[in-house]
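Starting from the known structure of chain A, fit chain B onto it as the hints suggest.
Protein sequence lines correspond, in order, to chains A and B.
Letter by letter, the first sequence follows residues 1 to 834 in our numbering.
Letter by letter, the second sequence follows residues 1 to 229 in our numbering.
Simulated from the structure, these hints should not be mistaken for lab results.
Glycine included, C-beta positions come from ideal geometry on N, C-alpha and C.
There could be a bad hint or two in this list.
[Unchecked claim] To be clear about the criterion: a stretch of chain B counts as covered by chain A if any three or more of its residues have a C-beta under 8 Å from a C-beta of chain A, and this derived list gives those stretches: (1) 54-61; (2) 73-81; (3) 170-177; (4) 191-204.
Below are the chains, spelled out letter by letter.
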Amino acid sequence: MKLLKLAYRNLWRNKRRSSIMLAAISVGLAALIFVWGFIDGMNEQTIENSTTYLTGHIKIHKTGFHNDKALYLTLPQNSVLQRRLLKNSHVIAVTPRIEDQAMLSGADEARGVKVVGVDPQLEPEVTTIAKAITNGRYLQANDTNTIVIGDKLAERTGLKTGDKAVLVTQARDGSLAADRFKVVGLFDSGIDIIDASHVFIPLPAAQELYSLWGQITAWVLRIDNRQHAGDIAQQLKTEIGSGFEVLGWKQLLPEMVQMIRFHEIISYIVVFIVIVIVAVGVTNTILMAVKERTHEFGIMLALGTSQNQIIQLVLLESFILGIIGLLAGNLIGLSITHYFSSAGIDLTQYTQAMETMPGLTGNVYPLIRLDHVLLVSIATFTISVLPALYPAWQVSRLQPVEAIHGVVKSTTHKVWHWTKKSASSTQLLFWRIAFRNIWRNPWRSALTSGATAFGLAAFLFLYAFTDGFFEQMIDNSTDFLTAHVQIEPQGYRDELSPSLYISQPENILSKLQQYPSMVAAAPRIQVESMISSPTKTEPLILTGVKPDMETQVTRLHNVIIKGEYLKANNKSDIVLGKKLVEKLDLRISEKVVVTTQLADGSLGSAAYRLVGVYQTNNEIFDRAYGFIGLQQAQSLLAMPNRISTIAIRLQKRDLSQSTAINLDKILAGSQYKAKSWQQIMPVLVQMIDVTRLMFFVVLAIVFVVVAMGVTNTLFMSVMERTREFGVMLAMGTEPRLIVRMVVYESIVLGLIGIVLGIIMGWLLVLYYSDGMDLSGFSGATSTIPGLTDIIYPVLIIDNIWLPTLILFITGVVAAFYPALRGARLSPVVAIRHV
Amino acid sequence: MSIVRLEQVIKEYHQDSISVQALRGIDMTIDKGEFMALIGPSGSGKTTLLNLVGGLDIPSSGKIWIADKEIGKLNKRELSMLRLWKVGFVFQEYNLIPVLSALENVEYIMLLQKIPDQERRQRSMAVLAEVGLQGLEHRRPQELSGGQQQRVAVARAIVSEPAIVLADEPTANLDSSTGAALLDLMRNLNERHQITFIFSTHDPMVMERAKRLVQLKDGKIVSDNKKSG
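Isolated chain B (complex conformation):
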């Protein structure tokens, strides 16, 4: 069952009368429960593709469906709602809201979703426990290590059970053992809860663990390999 579908997607950027084609016709389908990595050199279009798949941006031409909604037809508010309910994000720089505690960061999205107090609290605590942060719920980001902050980011991304979680270089700021542990955690979540993860990465550790590798070059898919098992 496909959760994201792209049809002849082209993305152009215009800057000072120069137009750059970041994506030159992408066709791709992503199914529920995939653990997939976008790879390729800098400037190959990974991030642009990730932004489109996450509903942060809309294509210049072509069509994208996320959870059966075509994003080109959505207005800003609807896009915002789509991201709120269907997409989770993990960034290279963690990007937690610095003035909120770990727990509040995780609760943030459910607050926007207006989920009742008690349920929100229970789910947040459970997810934080699941990512191994039991007892650290009330710390602010600056009181946590990089690995811990990224775990909070992961917890935040998955807590409202989105259709897809996008992770842009999630391990780039972590040392290798912390990075490995985080990836194992995500793989684990993927297998247990059937959450779809899409990475953009240069990290061999991510590539090792990915079940599908899509390689981009100059805005085009040059290879798309699904690993068995």
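Looking at chain A on its own, in the form it has when it is part of the complex:
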């Protein structure tokens, strides 16, 4: 009890030291709570939005449907099963659906879409798309041929409320089916994948369209607690008997689950980095605080205090500080997180990028998860108490006399004489003093530089990792598909419409020949279409190319895994991606039928023979694209001598933007525009920006913690040397020279930290230069356009020098406070300081 009182008073006595330590603990903890809350919020939002807007919590199909999606695997639409499902106390609502593919033709545009046939009354009890209607209305009970579509889809197809749209698809019996629908409403869920590719029609209309009278493909359920979806699905499975598959949202959305898993891994890494930096900062401060009191402990020992009591006292003090820091850190962290959890963090600037991640919108609402808060609290508390043990033990072993005189012989180190020459100027002398002071307390300096180094290394590596990520995305996208620059009719990119074309491509091509940085150019036609095998229909972006020219621009022909690439004089060959071939269940030389909307609005179709299968390892590339000869495309679309775009390969990717600008000048006056890959893939550019933004958040936290560590170290070292400064001042050293000396120390410490950090980070990157295999999260990475499972980290100097410099400056600026304190000492008081 006495010891507790003593500990408490000790903390009060040195308010500045205690507050430095408190700040270190609580700021670190608060940062941890917020960062984790941010990531948890993002994940939660992803799941919540994906399940509530569209997927529901549990789906019941006929066994086999989830993998095959064939229309003969249907369930009867009767109320027996529905009633049985509702008997389960966890099930809140049940609704029937038909889900399949179709092509939606608007006034001037066609798009492949996912058709969801719903019961207009039951559906809103399970999912909330009805609440996302921004224009017109949702489906109603007596509707016949009505349709609601996403705002993005409306934009792309040119459809408005009141317009007529046509759905074309393959019915259950394999025949081509089509029906007219009136657009009654537009919705905006804020989720790209829903808004751009889903349409909702009344269930009876869907049954009519697909020839599925009295049949449905799924029962969709809402349950009381989403977390237990897996368990409840199991229960239901036994309750309803065989012949059904009962799937929780985790099975329904495996890619999202993997993406979240991926986020979680990243968040563990970030949290770990922050914990280490906080730990170093706190350890540093506590070590110094104990060391600084050597004299005081000597007196206590001399007075007969036992060694154990000293250790207890120190531990008790850090225990009290730890508790207060814990409370303060939680208070700050939880308040900030709580505030933003309702206000949201506005990332609307990056909306497009955020919305490409399934379930995310432009606003992120951080989430407080108690288990995570508890975990970081325990970690922070432990690291704020444990480091005190070592110095406490060391101090307790001191001889009282030594301790009173402040000489800790056990830590004396070898004195190095770097140079026998005397300093030739004041500048040099102060540099020398700074260097030697750093060497004087190698442990402390190592900890401070170490914190800087670790923070920087971790940051560099993460940065290199994401840069590798993006480089790959950009490289693959430009190499396989978009090329560096494309010349296309104005407005074409948004509509992919055959009504927008380049009529005399030869003229432009010949002009391009003279352009110096161009390597090759190839004409193309690209349109939205549907591709059908004997059993299935899938959406397809049909691309007509001139094989001999195209292979100069992109290198898809290098990743053919079966068959061969298009020949120059092929008649009716098609090359498809591996994923699509699997979905369509095709083999080489089998026939497919491609249907598309022509410029005049009528439908055209043609049959092709599969000659080759490519594999880029990217989900989207391997699933969405198909390639035929340019002439075949021209004849299918009835647009002889016309093309959609000219794809251009440059000597260097970096030249894309400047080339696009230059080409635009050449094209001035025509209705054609040159677009760089950045303009062709704005979403990719935004994704890069948004990731950068996250990195700056992490970086800011690293900065705060590093700055605090440097301030603490120098502060303690200034306090420790109070008398030394007093003597220097007494002898006529000007205060500004003292400031300079302390700042020099921080410069040296910072430089050591930064050099070490760069070396460590660089070695890590080097170690992984053969690629980091992320196939464990394959679903997550390969669904991102342009990305495969293996990431090759790259250090891009342009991207890292600035953060490095800022980190360095932060450290130096942080030194000014302790430096000024040293300089403002009164020599009379300082000399007597013990």
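Just chain B, lined up with the frame of chain A:
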């Protein structure tokens, strides 16, 4: 010729609303070449007086001239310059800069004075030789004995030929023979170079060697005796 002059000097300290008069009206003149000791019990004002004479502090009232400059009229920077050029210090705890070698400690002040390399080096080596530390110039303080460290401190104090050297209990941490040797050294320097030394001390050995003893009590001078010879 007076090098320090005090006129009705009063020094008050304020701490938590209590004010303490450490010096209550001191008049004193110190001439060039004196070897003088301030004596008196703890709390009599010795250290306060020494701080004022050294320009480390300014009086609450009264006037002090050091080398013809009135210190009450100087700002911090000017005080700093005054100490740099006119005053040398020797402390009880030696107080050398631990990261600098003996030579560098001695050179430190001349570096601040921007004295050219070669001259600085020569004078430092000479002074170190004079205080008997030849061959130990490159040792760091922690590699020297207490007596040796104090000799470095003395060398540092006199190397730039200040008007006065203030020594606050310089022998308190030394054994008697080391202390005696150090005092003889200082007396020697005083006689050969006419350097003014002012001690504050309890040590009888210092009192024995001092040419003038000023006794303080409760912030006032109670006796001021000049020894002849």
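Now for the hints, and whether the structure bears them out:
Closer than 8 Å: that is the beta-carbon criterion, and the segment 54-61 of chain B has 3 residues meeting it against chain A, so the requirement of 3 holds. Closer than 8 Å: that is the beta-carbon criterion, and the segment 73-81 of chain B has 4 residues meeting it against chain A, so the requirement of 3 holds. Coverage of a stretch by a chain is defined here by at least three residues with a beta carbon nearer than 8 Å to that chain's beta carbons; for the segment 170-177 of chain B and chain A the count is 0, and the condition is violated. Beta-carbon proximity to chain A at under 8 Å applies to 0 residues in the segment 191-204 of chain B; the threshold of 3 is not reached and the given coverage is violated.
In this structure, the earlier hints numbered 3 and 4 are contradicted, and the remaining ones agree with it.
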